[in-house]
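Please put together the full structure from these sequences, using the hints given.
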Amino acid sequence: MSDRDNSRDHVSEEQLHAFVDGELDSAEKNRLFELADNAPDIDTQLCEYRKLKDMLRHAYAHPPRPPDSRQSAAGKGATSLRLVAGIALLVAGGVAGWIAHGPLEAPRPAQPSPAVAAASQPAQPDRLLLHVASSDPASLEAALDIAERAVAEGTGRQVEVVANEGGLDLLRSDVTPFADRVAELSEKQVLFFACSTAIQRLREKGVDVRVLPQANVEFSALDRVVMRLREGWEYEKI
Amino acid sequence: MALLDGVLKRRAFRTALSQSRDRLYRTAYAWCHQPDLADDLVQQTLCKALQSQGQLKDVEATEAWLFRIMANCLTDYRRSRREILTGEEIEIVDSRTPEHEAYEQEIVRRVRSAVAKLPLEQRQVVSLVDLEGFTYATVAEILDIPVGTVMSRLCRGRRALREKLIAGRSTAAREEPAQIRRIK
Chain A
437 MSDRDNSRDH
447 VSEEQLHAFV
457 DGELDSAEKN
467 RLFELADNAP
477 DIDTQLCEYR
487 KLKDMLRHAY
497 AHPPRPPDSR
507 QSAAGKGATS
517 LRLVAGIALL
527 VAGGVAGWIA
537 HGPLEAPRPA
547 QPSPAVAAAS
557 QPAQPDRLLL
567 HVASSDPASL
577 EAALDIAERA
587 VAEGTGRQVE
597 VVANEGGLDL
607 LRSDVTPFAD
617 RVAELSEKQV
627 LFFACSTAIQ
637 RLREKGVDVR
647 VLPQANVEFS
657 ALDRVVMRLR
667 EGWEYEKI
Chain B
5 MALLDGVLKR
15 RAFRTALSQS
25 RDRLYRTAYA
35 WCHQPDLADD
45 LVQQTLCKAL
55 QSQGQLKDVE
65 ATEAWLFRIM
75 ANCLTDYRRS
85 RREILTGEEI
95 EIVDSRTPEH
105 EAYEQEIVRR
115 VRSAVAKLPL
125 EQRQVVSLVD
135 LEGFTYATVA
145 EILDIPVGTV
155 MSRLCRGRRA
165 LREKLIAGRS
175 TAAREEPAQI
185 RRIK
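Protein chains in written order, with the numbering used here: chain A, 437 to 674; chain B, 5 to 188.
Take these hints with a grain of salt, some might be off.
Examples of chain B residues lying across from chain A (beta carbon under 8 Å, computed) [claimed, not checked]:
1. Lys13
2. Phe17
3. Ser22
4. Asp43
5. Ile111
6. Val115
7. Lys121
8. Leu135
9. Cys159
10. Lys168
If you're looking for bench data, these hints aren't it; they were derived computationally from the structure. Glycine included, every Cβ here is placed at the ideal spot set by N, Cα and C.
Right, here's the structure in full:
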């Protein structure tokens with residue numbers, strides 16, 4: 437048996453992987469470096485496994501996102517899971533998960549389900565959180581209509597509007613047709629929140645996102661809604 | 005003081021949840037290669053995490069805990085549908101490929117296709133180690149298997165990928181005679 441074969445006998449394939457993954461201690465690393473110096477095939481294998489890691493990271497750096505449509509063919513296997521998720525969400529008061537999903541159409545309660553309400557503080561009608569996730573102009577307009585009515589109905593009523601996914605269009609200065617109405621509502625103490633996660637995602641896609649000066653961009657929609665539900669706000673998704 | 009601790013912990017938890025979403029999705033996609041299913045797995049994971057928030061003792065361990073929940077979600081899904089999610093059933097589709105990125109996309113497609121053909125158990129280990137950079141011990145915790153099993157699955161998975169993506173191609177390149185065309 438040649439020297440090269442002898443050197444190979446001392447290294448298992450698992451050890452090569454452990455080396456590549458940084459799982460070996462310093463002494464083991466030194467030994468493998470020495471072996472690799474004398475055995476080009478070990479060296480080659482190490483390089484190939486490192487390359488493989490890089491290829492994998494590259495291949496999954498930007499995985500495709502699901503289409504907005506609820507009726508996609510890919511969803512054939514996922515439908516039941518989506519329903520389960522929707523139910524779990526409502527049962528747990530995990531509205532956050534539903535919101536995090538963005539385009540999910542699933543259940544659309546006008547206010548939190550009884551379970552949600554039970555998990556939170558009692559809903560207080562003087563505090564209303566509106567959540568808009570659709571870019572449909574009718575939805576955007578509906579959100580503003582509700583906010584305007586809510587402000588008109590009660591003095592001192594706190595109203596917040598959270599926009600994510602397509603609903604972000606409401607607060608994007610480059611696309612919204614409702615800048616004036618947002619400004620007017622803002623003067624009446626209505627707070628607007630543009631989801632920081634949604635903005636970041638669009639920016640990662642190269643979209644130059646600009647939001648209206650009235651929009652707060654410090655929170656993700658998820659965080660804001662979870663917080664307000666816990667505080668007992670009335671919640672309405674448009 | 006305890007109240008403040010609680011508030012800070014909850015805030016850290018929410019932040020961790022929010023920050024983990026993309027990583028969870030990437031791994032979920034690498035496991036099932038179906039965007040809708042991956043998205044639902046992530047959603048369900050976040051729901052369960054919110055439900056079980058109280059069970060998490062160490063906020064530092066939130067990420068591994070989330071991936072463990074997601075692995076369980078996938079197991080439940082497979083059980084309920086009796087699906088194995090083998091590579092044969094997975095179709096890698098990326099219709100958004102612009103022409104000028106054709107070459108790069110070809111690599112991406114080849115890698116995803118090779119990963120999709122691995123048995124799910126190997127796919128899970130390879131993606132947790134290579135994509136998310138978890139240690140073998142953490143992967144063992146996430147998948148609830150011994151570290152030795154993590155290493156053997158990783159070994160078999162990478163060997164198959166290397167064969168398909170690197171070794172196989174160099175052999176093919178060596179065997180294929182060069183096509184030289186004379187230009188006058």
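Now the hints, each set against the structure:
1. Lys13: violated, 14 Å
2. Phe17: Violated: closest Cβ of chain A sits about 10 Å from Phe17/B, beyond 8 Å.
3. Ser22: holds, 5 Å
4. Asp43: holds, 5 Å
5. Ile111: It holds, given that the least Cβ distance between Ile111/B and chain A is near 7 Å, below 8 Å.
6. Val115: holds, 4 Å
7. Lys121: violated, 13 Å
8. Leu135: holds, 5 Å
9. Cys159: Because about 5 Å separates Cys159/B from the closest Cβ in chain A, which is inside the 8 Å limit, the hint holds.
10. Lys168: Where the cut-off is 8 Å and the nearest Cβ of chain A is about 10 Å from Lys168/B, the hint is violated.
In this structure, the hints that do not hold are numbers 1, 2, 7, 10, in rising order.
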